[in-house]
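Enquirer: Whenever a hint applies, use it, and build me the whole structure from the sequences.
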Amino acid sequence: MKYRSRSYSIFTYSNTIFLTLLSLLCVLPLIHVLALSFSSRAAATANIVNFWPVGFTTDAYVKTLGNAMFLKSLWIGVERTVLGAVLSMIVVTMAAYSLSKTNYKFKGRQIYIWIFVFTMLFSGGLIPSYILISKLHLIDSIWALVLPPAVSVWNMILMLNFFRTIPEDLEEAAFIDGAGHLRVLWSVYLPVSMPSIATLSLFTMVSHWNSWFDGMIYMSNPDGYPLATYLHSMIVSDNLSRIGVTLDSVENFSNRTVKAAQIFIGALPILLVYPFLQKYFVKGIVLGSVKS
Amino acid sequence: MAAYWRKTWPFHLLLLPALALVIVFQYIPLFGVVIAFQDYEPWLGIKGSPWVGFEHFQYLFTYPDGKQVIWNTLIISAFKLIINLIIPIVFALLLNEVRKTLFKRAVQTFVYLPHFLSWVILGGIMLDILSPEGGIVNRLLNAFGIDSIFFLGNGSWFRFTVVLSDVWKEFGFSAIIFLATLVGINPALYEAAEIDGASRWQQVISISIPLIMPIVIVVATLSLGRILDAGFDQILNLYNPLVYSHGDIIDTFVYREGLNNGQFSFGTAVGLFKSFIGFILIVISYRLAFKLANYRIF
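Sequence lines, in order, name chains A and B. Residue 274 in this note's numbering sits at position 274 of the first sequence, with consecutive numbering throughout. Residue 510 in this note's numbering sits at position 218 of the second sequence, with consecutive numbering throughout.
Worth flagging that the hints you see were computed from the coordinates, not collected in a lab. We put the beta carbon where it would ideally sit given N, CA and C, even for glycine. One or more of the hints may lead you astray.
As the list claims (entries may be wrong) - Ranges of calculated distance between the beta carbons of each label pair, as one might list FRET restraints:
#, chain 1, residue 1, chain 2, residue 2, range
1, A, F175, B, N586, 17 to 23 angstroms
2, B, R579, A, E168, 30 to 36 angstroms
3, B, I375, A, I17, 35 to 41 angstroms
4, B, P502, A, D169, 38 to 44 angstroms
5, A, N50, B, A484, 48 to 54 angstroms
6, B, Y296, A, F175, 15 to 21 angstroms
7, B, Y296, A, I166, 23 to 29 angstroms
8, B, A435, A, L271, 26 to 32 angstroms
9, B, E333, A, A46, 51 to 57 angstroms
10, B, A484, A, I166, 21 to 27 angstroms
11, B, P356, A, P275, 36 to 42 angstroms
12, A, Y280, B, A484, 48 to 54 angstroms
13, B, L394, A, W75, 36 to 42 angstroms
Expert: Structure, rendered in structure tokens:
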């Protein structure tokens, strides 16, 4: 290795330091909020909390978890995430099976492909979608949050590309035994695709958990807000009147440590599944983007 | 025909739920855009509302805020596009020089994380750390003798903050594609260069960079196709009336004017204008990416 020269080793050291700082930069804001959430109110108000709690207390969490409104939205958040992911995976897997067939085996496949891909390129936009949801009487219903995003064309493409890697011999054997397509999907494709399905479900769940805008426009009443929407109203736009909090409880719920606790609880599920996400997304993104 | 159905009915059956959902939730709203050419009133419906032609589109361009909104969108988006390309490339090249696998993995774990957190969470965090009254960033600036900056309340600083925070959130994730390409480069190329006496720097200049260029071109052209998406989710979580003049983009404008102020037709017209231009841009950018780097998704 000739490039182990003096200048290269100086580069290696400074590169290591630079990358370390960069990495810290990505997580320090989160650590700051975590420290804040475990600090006493006085310390937070005095602006002396950095990356370690000052005057350690779990008060903020006790208050947050004692807030019925917060718990309600937490539950709705979980509900939409699970329902949304299950529904989406069922629909996407079924469609991907058909689309994974060759044009020769399934004439008409190309038409379906275009119908789906076109939706990635052009959409009616916010207001026509809103009018549709209200015409369908889905305002204030959880279905307004799970049905519109159920057909993820991107996931469908990833899934059909995966299905194509399944050796054809496997299904041929099943067909010879007299199985139909539905049977083959169920007993040949699904078992071998479980890891892929689990991965895509995880990503779908993350996107549901993070979605807040649909909750804000499709729920006329804060009672129906999923957690992300609740956090937006409570913390980001500080819309207390809309959330229906009385002045009395503003004192309790809008202070900095409680906000920090709510932010952290909102981020926690993502942090928990992050190791699993990281394991798969590199594969997924490379598979999806540079496939030629 | 009967033979065709006998052979393929399971395929159609399996596609039915997805097809139905797409028709209802994507294609019906597509026809709903006709209200852009009407004065739509909810109680009159699409059938009963009067037609006004291109009035709302003309209004967008005569309305002083209209041009400002388009300009804001383009400027924020252009800065994001350029910086979101350069930083990930430089980062990928630097990370590619790291030989210690464990350190490399640790860096990756940290920098990919913000991508997965929503703008609600990050917006909440940023409001706190950027606060001019004792936010940790301003405390740091004060320690260096710099006056507090109202990052989210001052127009020019707002654009800067939006671009920088977007880069902060996405640079790691955007670098994945470049890293994957770098890792895939045949080591024999580097070995040959080394035998010829090329320094590591020369190797990066004449091997690594030329070899990631095709993928750089693909990423650049594809993001050019989305230049009208300046970050609805992000800006809606960060902005406030103080910075509408500098931070209001097409999507946030549609939301506020169209949905919050009930100007359904005007909002739809603005949205349609954006979708239409966006559609043309995407088609052009895909053709360009195909021409320049032989890229295609299917």
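Enquirer: All hints are to be evaluated individually against the structure, with a verdict given for each.
Expert: Okay, the hints, checked on the actual structure:
no. : hint                                 : result
1   : A:F175 to B:N586: 17 to 23 angstroms : 36 angstroms, violated
2   : B:R579 to A:E168: 30 to 36 angstroms : 34 angstroms, holds
3   : B:I375 to A:I17: 35 to 41 angstroms  : 23 angstroms, violated
4   : B:P502 to A:D169: 38 to 44 angstroms : 42 angstroms, holds
5   : A:N50 to B:A484: 48 to 54 angstroms  : 50 angstroms, holds
6   : B:Y296 to A:F175: 15 to 21 angstroms : 18 angstroms, holds
7   : B:Y296 to A:I166: 23 to 29 angstroms : 25 angstroms, holds
8   : B:A435 to A:L271: 26 to 32 angstroms : 30 angstroms, holds
9   : B:E333 to A:A46: 51 to 57 angstroms  : 54 angstroms, holds
10  : B:A484 to A:I166: 21 to 27 angstroms : 39 angstroms, violated
11  : B:P356 to A:P275: 36 to 42 angstroms : 51 angstroms, violated
12  : A:Y280 to B:A484: 48 to 54 angstroms : 35 angstroms, violated
13  : B:L394 to A:W75: 36 to 42 angstroms  : 40 angstroms, holds
Comparing the model with each earlier hint shows violations of hints 1, 3, 10, 11, 12; every other hint is respected.
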